[in-house]
Structure formats: C-alpha cells, structure tokens
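From first to last, the protein sequence lines are chains A and F.
The C-terminal position of the first sequence is numbered 235 in the working numbering, with every residue numbered one higher than the one before it.
The C-terminal position of the second sequence is numbered 96 in the working numbering, with every residue numbered one higher than the one before it.
Because the hints were derived from the structure by calculation, they are not lab data.
The reader is advised that the hints may include incorrect statements.
Said to hold, decoys possible - With a straight-line cut-off of 30 angstroms between C-alpha atoms, the simulated DSS-like cross-links for lysine-lysine are: (1) 67/F / 75/A; (2) 182/A / 219/A; (3) 111/A / 38/F; (4) 111/A / 27/F; (5) 75/A / 12/F; (6) 28/A / 219/A; (7) 160/A / 68/F; (8) 67/F / 40/A; (9) 68/F / 27/F.
Claimed, not checked - Some residues of chain A that are not near chain F, with every Cβ distance over 10 angstroms (derived): (10) 113; (11) 166; (12) 180.
Heads up, the beta-carbon is just placed ideally off N, CA and C, and yes, glycines get one too.
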Amino acid sequence: MKPKFGVVIFPGSNCDYDAYFALKKILDYDVVFLWHKDTDLQNCDVIVLPGGFAYGDYLRTGAIARFSPVMKPIIEFANKGGYVIGICNGFQVLLEAGLLPGVMLKNKSLQFVCKDVYLSVENRNTVFSKDIKEEKILKIPVAHGDGNYFTDENTLKELIDDEQIVFKYSSSEGEIDDKSNPNGSIMNIAGIVNKKGNVFGMMPHPERCCDPVLGKTDGSLILNSIANNIYN
Amino acid sequence: MYKAKVLIKRRPSILDPQGKAVEKGALHLGLNNIKDTRIGKYIEFTVDTQDRADAEEEVTGYCKKLLANPIMEDFEFTLEPVIPLASKSGKAE
Numbered sequence: 004m005k006p007k008f009g010v011v012i013f014p015g016s017n018c019d020y021d022a023y024f025a026l027k028k029i030l031d032y033d034v035v036f037l038w039h040k041d042t043d044l045q046n047c048d049v050i051v052l053p054g055g056f057a058y059g060d061y062l063r064t065g066a067i068a069r070f071s072p073v074m075k076p077i078i079e080f081a082n083k084g085g086y087v088i089g090i091c092n093g094f095q096v097l098l099e100a101g102l103l104p105g106v107m108l109k110n111k112s113l114q115f116v117c118k119d120v121y122l123s124v125e126n127r128n129t130v131f132s133k134d135i136k137e138e139k140i141l142k143i144p145v146a147h148g149d150g151n152y153f154t155d156e157n158t159l160k161e162l163i164d165d166e167q168i169v170f171k172y173s174s175s176e177g178e179i180d181d182k183s184n185p186n187g188s189i190m191n192i193a194g195i196v197n198k199k200g201n202v203f204g205m206m207p208h209p210e211r212c213c214d215p216v217l218g219k220t221d222g223s224l225i226l227n228s229i230a231n232n233i234y235n
Numbered sequence: 004m005y006k007a008k009v010l011i012k013r014r015p016s017i018l019d020p021q022g023k024a025v026e027k028g029a030l031h032l033g034l035n036n037i038k039d040t041r042i043g044k045y046i047e048f049t050v051d052t053q054d055r056a057d058a059e060e061e062v063t064g065y066c067k068k069l070l071a072n073p074i075m076e077d078f079e080f081t082l083e084p085v086i087p088l089a090s091k092s093g094k095a096e
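All chains, please: the whole structure from these sequences, using the hints.
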C-alpha cells in the first residue's frame with residue numbers, strides 16, 4: 004500500500020518543493036502540499052514539515068510557525084499516533100510545538116553550516132530507520148545556522164534510556180567525536196524520535212539526496228523506510 | 004492602557020556562543036575588563052486594558068507561550084500605565 008505524504012508550506016519554507024520532488028518524482032509516492040492556513044490534512048499518512056526559515060525565523064526558529072492554523076490538526080494527528088517528520092526547520096518547529104523535547108541553539112561556530120555530514124544510526128527500531136542496514140553510515144547534507152541541539156540532563160537521560168536518539172553525527176567510519184559534530188549539538192545528536200515512535204526530527208536533509216543524478220541517495224533510505232514500515 | 008517592557012535572558016546554564024563571539028570583539032578593541040557577555044532580547048508593546056492584574060496575566064501568557072522558550076530562557080517585565088493618544092487629543096471628528 005502506497006502511503007500519502009503531506010508536505011506543509013509555511014511562509015518561508017524553502018525545502019517544500021525538494022521534499023515534494025523527492026517523494027513524488029523520485030520515490031513515486033502520493034504527495035500533496037498542505038498550506039499553512041489549511042486545517043484539513045487530506046487523509047495523509049505522513050506529514051512532512053520541511054526545511055527553510057518559516058516566518059523568517061523571527062523570535063526563535065520555529066516559534067511562530069508552531070502557531071500556524073495547520074499545526075493544530077498536525078498536533079492532534081501526532082497525539083493520536085500519526086506519523087510526522089520534521090526536517091531541519093521542520094525539526095525546530097516540532098521542538099517549539101512540544102512534540103519533541105529540547106531546543107536548538109545557534110551553531111557553536113556561529114556559522115551557517117552547509118555541507119555533507121555522516122550519520123551513525125543509533126536506533127533501528129523506528130519506522131524512520133528500520134530499513135537502514137546494520138553498519139551503514141549515512142551521508143546526508145546539513146544546511147543550518149541553529150542546529151546545536153540542547154536539552155537538560157534529565158531529558159537527555161530519558162532520550163538515552165528510551166532509545167530516542169536515532170542519528171548522531173559521526174565520521175565516515177562511524178566514530179562519534181567532536182570533529183564530526185558540525186554544530187556543537189549535545190552528544191552529537193542529529194535526529195530524535197518521540198517516546199511513541201511516531202514523531203521524528205532530524206537536522207540533515209534526506210530530501211536533498213534521493214535523486215541518483217545528484218550522486219547521493221542515502222536520503223531515500225529514510226524516506227523509503229517510513230513508507231515501507233508505517234503499516235507494519 | 005499599559006506599556007510592557009519585556010527582558011528575555013538566556014538561562015545561566017545555557018552557553019551563549021554569540022555573547023562569547025561579541026566579547027572577542029571587545030578584546031580586539033582593547034577592552035580587557037569585559038567579562039561574561041550574554042545576549043538577550045528586549046521587547047516592548049502596549050496592553051489595552053485598564054486592569055493591571057489582567058495586563059500582568061496577559062503579558063505572562065505572552066512571555067511563557069511565545070516570547071520566551073522556558074527551556075533556555077528566563078523573562079521579566081515591567082508595566083507602566085500610559086494614556087492613549089486619542090484621549091490626549093480629544094475625540095476624532
């Protein structure tokens with residue numbers, strides 16, 4: 004069964020068409036756009052909050068987008084177990100909405116980081132990572148100024164204990180060290196999932212590396228994993 | 004009507020790379036005694052109510068739910084009564 008994806012467009016989203024293109028044209032799933040003022044999720048199976056600079060990142064990244072009309076049904080959908088993935092700015096929106104714990108601080112270097120990074124898969128028991136083979140280190144680009152994930156010690160302990168950390172920045176060999184950390188993120192965290200396993204946020208952009216023409220396709224492993232596993 | 008002045012500060016436990024970078028600028032200026040630079044936000048607006056308690060409640064809600072993120076920021080604010088411009092200049096025609 005083919006899942007239907009809904010890609011949200013906030014004012015200031017700029018990876019919405021990339022996500023649509025990767026899911027529809029490259030991976031051949033059903034995809035619709037959801038406008039930020041929409042309140043009907045059109046029976047989508049997976050909601051994608053794309054990257055960009057929603058509402059100009061005014062106040063804090065994701066702070067205003069989280070109050071968009073479309074977020075109300077998305078929060079209800081997520082609370083009922085619906086699948087939501089937030090990529091980059093979308094991850095920041097999920098944090099502000101309280102669907103995932105923690106905050107994003109400015110990158111430690113204070114620089115906007117735009118490059119390929121390597122990701123070690125820390126938990127393969129999520130629909131978002133199930134199809135990624137053991138030992139596989141993902142190569143996916145990041146592009147952000149505020150990707151320095153932070154949370155207090157108690158929450159961090161919960162993230163570890165409940166295996167909510169899905170991806171960590173690593174070397175191409177899978178070593179998790181400061182050198183491989185592009186933004187200062189605590190424990191090299193690049194992607195986390197909520198306790199129920201249906202809401203997922205990651206800073207790197209899987210939608211930017213699905214098309215073989217671009218020479219990198221590791222992003223499709225994540226997007227296909229979602230599609231293959233949400234009904235199982 | 005009240006004028007609200009809100010100060011949002013990064014919690015002491017949260018690193019402030021921006022403050023650190025700015026402080027490096029102070030060193031370049033030869034200002035060697037500047038320490039612990041922390042960058043926050045200042046926001047001001049008016050609250051259209053005569054009741055101080057109402058104004059306080061509304062501003063607190065604004066700060067908690069939107070202006071500040073309690074995971075990384077603390078906030079404080081002051082409220083000063085202001086006379087709206089319309090009543091100063093009389094009724095508009």
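Index of numbered hints that the structure contradicts, given in increasing order: Those not satisfied are hints 9, 10.
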